[in-house]
Amino acid sequence: MSKNIFRISPGFEDIMPDEYKELVESGPYGKDLGVSDMGTFKELLEEHPLCAGCGLALSLRLILASLPNPEDTVIVGSTGCSALAFPQVAVHNIHSLFGNQNAVASGLKRALKLRFPDKVKDVVVIAGDGATADIGLDMVMQSWFRSESITTIMLDNEAYANTGGQESGMTQQGAVMNMAPKGKNFPKISLPEIAREAGCSYVASISPAQPKRLEKMVRRAILTAREVGPSYVQIFSPCPTNYKFKPQETVSRIKQHQKEGHYQTKEYINTAAQEYLASIEEGKKNE
Amino acid sequence: MIEQKVVAPEQLFSEAEREEQFITGSEAVREAIKRANVDMAISYPITPQSESMHLVGDIFAEGYIKEYFRGENEFAVMSSVSGAAMAGVRVFTATGGPGTLRAFETFPTWSGARLPIVCAFLTRGLNSPLTIQPDTLEMAYMLDTGILMLHAENAQDLYDMLLKAFIIAEQPEVHIPVGVFADGFFVTHTRDNVKIAAEDIKLPPYDPNMSPVPAMDMETVPVRQMRDPFVMKSNFISYAAHASWQQEVLAAGERSRKHIDRLLGGLIEVENEDADILIMASGTAVSQSREAIALAQAEGLNVGLVKIKSLRPFPAEQLRRLAAGAKAIIVPEFNRVGWLSREVMTAVEDTTKVVGAPRVFGGMTMPPQLILEEIRRCASE
Ligand SMILES: Cc1ncc(C[n+]2csc(CCOP(=O)(O)OP(=O)(O)O)c2C)c(N)n1
Ligand code: SF4
Chain G
1 MSKNIFRISP GFEDIMPDEY KELVESGPYG KDLGVSDMGT FKELLEEHPL
51 CAGCGLALSL RLILASLPNP EDTVIVGSTG CSALAFPQVA VHNIHSLFGN
101 QNAVASGLKR ALKLRFPDKV KDVVVIAGDG ATADIGLDMV MQSWFRSESI
151 TTIMLDNEAY ANTGGQESGM TQQGAVMNMA PKGKNFPKIS LPEIAREAGC
201 SYVASISPAQ PKRLEKMVRR AILTAREVGP SYVQIFSPCP TNYKFKPQET
251 VSRIKQHQKE GHYQTKEYIN TAAQEYLASI EEGKKNE
Chain U
1 MIEQKVVAPE QLFSEAEREE QFITGSEAVR EAIKRANVDM AISYPITPQS
51 ESMHLVGDIF AEGYIKEYFR GENEFAVMSS VSGAAMAGVR VFTATGGPGT
101 LRAFETFPTW SGARLPIVCA FLTRGLNSPL TIQPDTLEMA YMLDTGILML
151 HAENAQDLYD MLLKAFIIAE QPEVHIPVGV FADGFFVTHT RDNVKIAAED
201 IKLPPYDPNM SPVPAMDMET VPVRQMRDPF VMKSNFISYA AHASWQQEVL
251 AAGERSRKHI DRLLGGLIEV ENEDADILIM ASGTAVSQSR EAIALAQAEG
301 LNVGLVKIKS LRPFPAEQLR RLAAGAKAII VPEFNRVGWL SREVMTAVED
351 TTKVVGAPRV FGGMTMPPQL ILEEIRRCAS E
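Protein chains in written order, with the working numbering: chain G, 1 to 287; chain U, 1 to 381.
Treat the hints loosely; a few may be bogus.
[Claimed, not checked] Stretch by stretch, here's where chain U covers chain G in the computed footprint (C-beta under 8 Å, at least three residues):
#1 67-77
#2 90-96
#3 177-190
Simulated from the structure, these hints should not be mistaken for laboratory data. Positions of the beta carbon are idealized from the N, C-alpha and C atoms, including for glycine.
Go ahead and model the full structure; you've got the sequences and the hints to work with.
As structure tokens, then:
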């Protein structure tokens with residue numbers, strides 16, 4: 001979009017809400033700001049109702065700060081805890097249903113291409129593990145098979161949190177959860193591997209305990225989806241409420257899991273994406 | 001893309017010269033979509049709808065449509081359709097029977113999101129046991145989804161209603177989806193003379209800036225908003241927002257009445273309205289009723305016909321007025337539940353006048369004699 005569109009019309013300065021004025025004055029649109037600039041600009045997410053210490057909220061803030069093109073990004077979400085934060089996000093975002101996010105995003109992205117053939121409009125799906133790996137898996141994978149130009153980001157809290165802590169396909173085997181009273185009896189779904197086999201050009205798994213790497217991966221995923229093919233990022237975002245740990249322990253818990261090998265930082269880039277990313281990242285260095 | 005001249009809707013609908021073609025209902029769908037200036041169509045096969053969407057695919061290949069693909073199932077197709085509509089393009093799809101039910105969760109979200117989607121429902125029975133026969137049972141389920149529902153009697157209606165549906169759906173004060181229903185096989189697979197406009201003209205394009213809710217394209221500010229009112233748990237403001245939004249969606253449906261009147265010549269069509277016995281029907285049951293009425297008239301019986309074209313909004317006032325002067329109201333239907341007779345009963349003052357018969361289902365045809373028997377019975381009472 002034209003940055004001018006964010007200008008408040010003369011005479012309306014007084015009646016616009018403060019948070020909107022702040023967005024116009026110090027929002028990240030068109031400024032190429034990133035995670036390391038956080039604290040210096042008005043973030044795209046604020047005053048969300050998620051629990052204290054929520055891993056999803058932290059991840060979401062970082063993802064939004066990492067968007068390469070927030071002024072032309074549309075986010076598609078799904079039912080779940082993150083959906084409750086979406087009304088507080090300052091880019092156009094869609095909540096449609098539980099699990100159909102990648103199908104909605106497919107139609108949206110193709111339609112935006114028709115309407116704005118000369119502009120980049122990034123479509124980023126951000127949904128929970130239940131929405132991505134269980135109820136919506138069919139539509140997630142089919143969007144990859146069809147090579148839709150969208151980025152799928154899973155906020156993986158290893159549970160259905162919003163409905164009170166049921167096991168999901170992403171829960172670790174053996175964990176006793178609601179609806180898995182004797183412990184989950186199959187392993188965590190290996191979605192990054194599935195994503196690779198299903199045709200994603202870029203796949204990563206990461207956590208908000210490594211904000212700079214997370215930023216790099218989110219950007220790479222979005223840039224890859226723009227030019228090369230679908231991309232997938234899985235972000236470990238634990239839930240203090242349902243896993244019953246203290247809100248201030250979220251990051252240390254992530255680090256502990258990573259140390260014990262339960263959650264690994266991984267990146268897979270296919271040849272075409274490697275060439276493309278190298279060309280733009282090289283270009284940046286030479287600037 | 002194929003070159004077509006944009007003309008005013010009225011010109012395409014009535015002023016432009018029309019040519020008569022002997023085509024199937026599925027071909028009538030193709031001819032309507034050819035002239036509808038549709039940006040995008042998404043498909044998934046199910047008998048008896050498949051052929052319609054094959055033909056829409058063909059006209060995509062010919063350059064009448066900019067984007068077309070097969071989705072993974074009906075729920076996904078309807079979801080992709082909503083994504084496309086939210087991005088601000090004119091989009092079309094079709095389904096029927098089990099496909100309708102597989103996609104069911106999406107329909108109230110279409111109207112809730114004020115999306116002007118046009119979908120053809122080419123009806124078919126619901127499993128189990130497996131059937132591909134026509135049956136209008138699925139329409140009963142659709143009545144309360146918030147989408148507008150037009151019911152075509154024949155291929156001509158299907159062609160006209162589809163084209164007009166886009167214009168009705170896209171009125172800024174309406175801006176909710178329209179389902180055009182046609183009885184599978186009886187309409188889709190049979191040939192009929194259909195009058196159609198020249199293929200080098202088309203409707204004006206959809207203008208997303210006329211939408212009462214902004215397109216999800218990051219071109220409209222302010223952006224700190226989500227398009228659908230959201231229910232936060234235990235939050236009075238969100239309860240109130242959601243309740244008023246539901247009323248607004250219903251009100252949008254009500255506001256479509258004048259557009260249906262203008263474009264379709266009314267929500268109903270009436271023949272011989274002063275008769276003692278009135279048949280109220282929709283879809284192909286109307287054609288069967290016409291046949292029965294001709295037989296009855298040959299026997300000296302005086303029977304009138306009310307063809308109900310719009311089920312949502314429902315022509316309750318008109319039906320109440322017509323029913324007041326009649327001795328009996330016969331409602332023949334192609335389903336076992338009798339959803340139309342239920343609807344009629346909610347409208348008329350004296351429900352004992354309503355005869356919910358004959359009903360055929362499971363794909364059976366409706367011999368006019370069955371309707372004639374009801375007419376005779378009512379006449380002798
Ligand atoms: C069709 C349907 N089934 C069930 C639900 C109830 N539901 C709401 S959120 C949710 C779980 C979400 O889990 P996940 O995607 O992992 O997100 P989280 O809440 O953990 O962030 C469920 C089952 C629903 N909204 N729709
Ligand atoms: S329940 Fe868990 S995932 Fe949901 S908001 Fe609270 S901490 Fe976050």
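Hints and how they fare:
1. Given a C-beta distance limit of less than 8 Å, the hint that chain U covers the region 67-77 of chain G holds, as 5 residues qualify and 3 suffice.
2. For the region 90-96 of chain G, the stated coverage by chain U holds: 7 residues have a C-beta nearer than 8 Å to a C-beta of that chain, and at least 3 were required.
3. Counting residues of the region 177-190 of chain G whose CB lies closer than 8 Å to any CB of chain U gives 0, which falls below the minimum of 3, so the coverage claim is violated.
Checked against the numbered hints given earlier, the structure breaks only hint 3 and satisfies all the rest.
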